[in-house]
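Engineer: So the protein sequences, as listed, match chains A, B, C and D. Counting in our numbering, the first sequence runs from 1 upward without gaps. Counting in our numbering, the second sequence runs from 1 upward without gaps. Counting in our numbering, the third sequence runs from 1 upward without gaps. Counting in our numbering, the fourth sequence runs from 1 upward without gaps.
These are computed hints drawn from the structure, not numbers from a lab. A hint or two may mislead.
Repeated chains share a single entry, so a pair holds when one copy, or any two copies, can fit it.
Keeping only pairs whose Cα atoms sit at most 27 Å apart, straight-line, the calculated DSS-like set for lysine-lysine is [unchecked claim]:
{"#": "1", "residue 1": "25", "residue 2": "98"}
{"#": "2", "residue 1": "152", "residue 2": "25"}
{"#": "3", "residue 1": "98", "residue 2": "150"}
{"#": "4", "residue 1": "25", "residue 2": "150"}
Protein chains: 4
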Amino acid sequence: MIRILVTGGTFDKRYDELRGALSFKDTHVGEMLRLGRSRVEVAIETLMMIDSLDMTEADRARIVARCGDAPEPRILITHGTDTMVETARVLASGVPDKTIVLTGAMVPYAFGSSDGLFNLGSALSFVQVLPPGVSIAMNGRCFPWNRVRKNKDLGHFEEIPA
Amino acid sequence: MIRILVTGGTFDKRYDELRGALSFKDTHVGEMLRLGRSRVEVAIETLMMIDSLDMTEADRARIVARCGDAPEPRILITHGTDTMVETARVLASGVPDKTIVLTGAMVPYAFGSSDGLFNLGSALSFVQVLPPGVSIAMNGRCFPWNRVRKNKDLGHFEEIPA
Amino acid sequence: MIRILVTGGTFDKRYDELRGALSFKDTHVGEMLRLGRSRVEVAIETLMMIDSLDMTEADRARIVARCGDAPEPRILITHGTDTMVETARVLASGVPDKTIVLTGAMVPYAFGSSDGLFNLGSALSFVQVLPPGVSIAMNGRCFPWNRVRKNKDLGHFEEIPA
Amino acid sequence: MIRILVTGGTFDKRYDELRGALSFKDTHVGEMLRLGRSRVEVAIETLMMIDSLDMTEADRARIVARCGDAPEPRILITHGTDTMVETARVLASGVPDKTIVLTGAMVPYAFGSSDGLFNLGSALSFVQVLPPGVSIAMNGRCFPWNRVRKNKDLGHFEEIPA
Numbered sequence: 001m002i003r004i005l006v007t008g009g010t011f012d013k014r015y016d017e018l019r020g021a022l023s024f025k026d027t028h029v030g031e032m033l034r035l036g037r038s039r040v041e042v043a044i045e046t047l048m049m050i051d052s053l054d055m056t057e058a059d060r061a062r063i064v065a066r067c068g069d070a071p072e073p074r075i076l077i078t079h080g081t082d083t084m085v086e087t088a089r090v091l092a093s094g095v096p097d098k099t100i101v102l103t104g105a106m107v108p109y110a111f112g113s114s115d116g117l118f119n120l121g122s123a124l125s126f127v128q129v130l131p132p133g134v135s136i137a138m139n140g141r142c143f144p145w146n147r148v149r150k151n152k153d154l155g156h157f158e159e160i161p162a
Numbered sequence: 001m002i003r004i005l006v007t008g009g010t011f012d013k014r015y016d017e018l019r020g021a022l023s024f025k026d027t028h029v030g031e032m033l034r035l036g037r038s039r040v041e042v043a044i045e046t047l048m049m050i051d052s053l054d055m056t057e058a059d060r061a062r063i064v065a066r067c068g069d070a071p072e073p074r075i076l077i078t079h080g081t082d083t084m085v086e087t088a089r090v091l092a093s094g095v096p097d098k099t100i101v102l103t104g105a106m107v108p109y110a111f112g113s114s115d116g117l118f119n120l121g122s123a124l125s126f127v128q129v130l131p132p133g134v135s136i137a138m139n140g141r142c143f144p145w146n147r148v149r150k151n152k153d154l155g156h157f158e159e160i161p162a
Numbered sequence: 001m002i003r004i005l006v007t008g009g010t011f012d013k014r015y016d017e018l019r020g021a022l023s024f025k026d027t028h029v030g031e032m033l034r035l036g037r038s039r040v041e042v043a044i045e046t047l048m049m050i051d052s053l054d055m056t057e058a059d060r061a062r063i064v065a066r067c068g069d070a071p072e073p074r075i076l077i078t079h080g081t082d083t084m085v086e087t088a089r090v091l092a093s094g095v096p097d098k099t100i101v102l103t104g105a106m107v108p109y110a111f112g113s114s115d116g117l118f119n120l121g122s123a124l125s126f127v128q129v130l131p132p133g134v135s136i137a138m139n140g141r142c143f144p145w146n147r148v149r150k151n152k153d154l155g156h157f158e159e160i161p162a
Numbered sequence: 001m002i003r004i005l006v007t008g009g010t011f012d013k014r015y016d017e018l019r020g021a022l023s024f025k026d027t028h029v030g031e032m033l034r035l036g037r038s039r040v041e042v043a044i045e046t047l048m049m050i051d052s053l054d055m056t057e058a059d060r061a062r063i064v065a066r067c068g069d070a071p072e073p074r075i076l077i078t079h080g081t082d083t084m085v086e087t088a089r090v091l092a093s094g095v096p097d098k099t100i101v102l103t104g105a106m107v108p109y110a111f112g113s114s115d116g117l118f119n120l121g122s123a124l125s126f127v128q129v130l131p132p133g134v135s136i137a138m139n140g141r142c143f144p145w146n147r148v149r150k151n152k153d154l155g156h157f158e159e160i161p162a
């Protein structure tokens, strides 16, 4: 059983047509797993629905606590890409004994041209086979938490040399 | 570097509007990797574009030969789901020393409700981290070649008990 | 009130993933009108769900009878493109006093690259404002029933000079 | 020949993945007409690309001037929904002798769940057949400029009783 913790980010943004703006409502993860015809046993839990630029240390502490408390040894976290590395860092010291993979999207799943479905398939696969440790699954790759940064000019994740 | 061998299957079927039927043209894999914003180094090669129900032993032998000859030690193969297990079987004896992952789709990528993009992200992740051997990546999971079958009534892949 | 009579055609084809083939199930018209946020009062009725190449004269007679019997003076018919002109012809003599517009699609709505939604918006608009008579709404235009043919080589409808 | 004047609005908003926000770039109208397999002769011109809440009287005056100067007697204008009625009003007095139809979208075309393609098909049809005058094509209907308002609570356009 894999636990999927939803925290928000571009991955789950929607278009609010009455306000003409982007907003959060329910997560799309369940519908995406159905679209992918996934038969992996998962427990999906929405912890929060925020832009990761708005995450506080208290929010990150809640994520760490929930990862530690959850019964599952393998956890996938959907998260905004802007501060994904920060959350990965606190998880690495706070939850050292589980396989934790964070992923997100550069374009909301609600859009036709989203990387969300690809990233979800990718992260769900990595989390099933990697040993304990915290990593980030973006752009088709898996990066150890301490060897990755988001290149904000190019909008992708890249490896930091050892 | 990962080699991606395209062989056809539902994954790459298109709708031919002049004939009103499904058909094959070029693969969608490149465009799907761009959509997923994949930054994995890949060499995409179209070996054939056929329904796997139409595959002959000669076709499968070509796939085996190409996998053996390719310089890459990790190979992802897109393939029709109907005889994916058969091709996996001949690959297991013909190419024992590479990491080979086969994937496909139940619904053509050209359709809005396709599992193709999810499966591609999934398979591309498994092929990067698994040890040598042949497996099938479908429904979010990875199955050893000799422990899987396609359940044609339910339209999904399932594990055969040891 | 506009009556929408559904008869099938490429417009409503779906992909049957268990059989790996195109098939008919329920119409998509209701869901398409919701997507278009249509506020036009309509009565949607599925008369048949067939490829228009398989239509018999009995099928066309049923369409004519239903158009005549329906209480509404304005009727939109979704129909396969291959014999849309034939049905339009029998309607022109059988139901001379109503505004009837036929439309369809070159690519199934279930596909991402479909003209279906555009054609539905187009036809629904023409049927609201045209005087009694039978026409075909395809390719953004409205053609009188006796001045149009389907160009099967190019896959579009064109005007026959007077 | 129909002139299509593009002024922006939700219809043409895109998702800017580097900034994580909605923005304008080029119009989608040409690509939408290709998707609809439209064979209507059109001249597409981008006049401006702004949210209609940001439109000034100078902007509206430019739209009026261009409509008057354009050689075509039939003009379709894509426009934000929030102040579409205001622009329609100034057009009615400024350009009394042409068939002008304004349309827009509640959800950006770039999103999968957009009404944009339906509205474009609808408006393009109305503009071909209506007599001179200014109207708004939204929600599948066509409203005279002085008999319509946007219901901002419900997000749709409705008729104002005479």
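Engineer: Which hint numbers does the structure go against, in order from smallest to largest?
Structural biologist: 1
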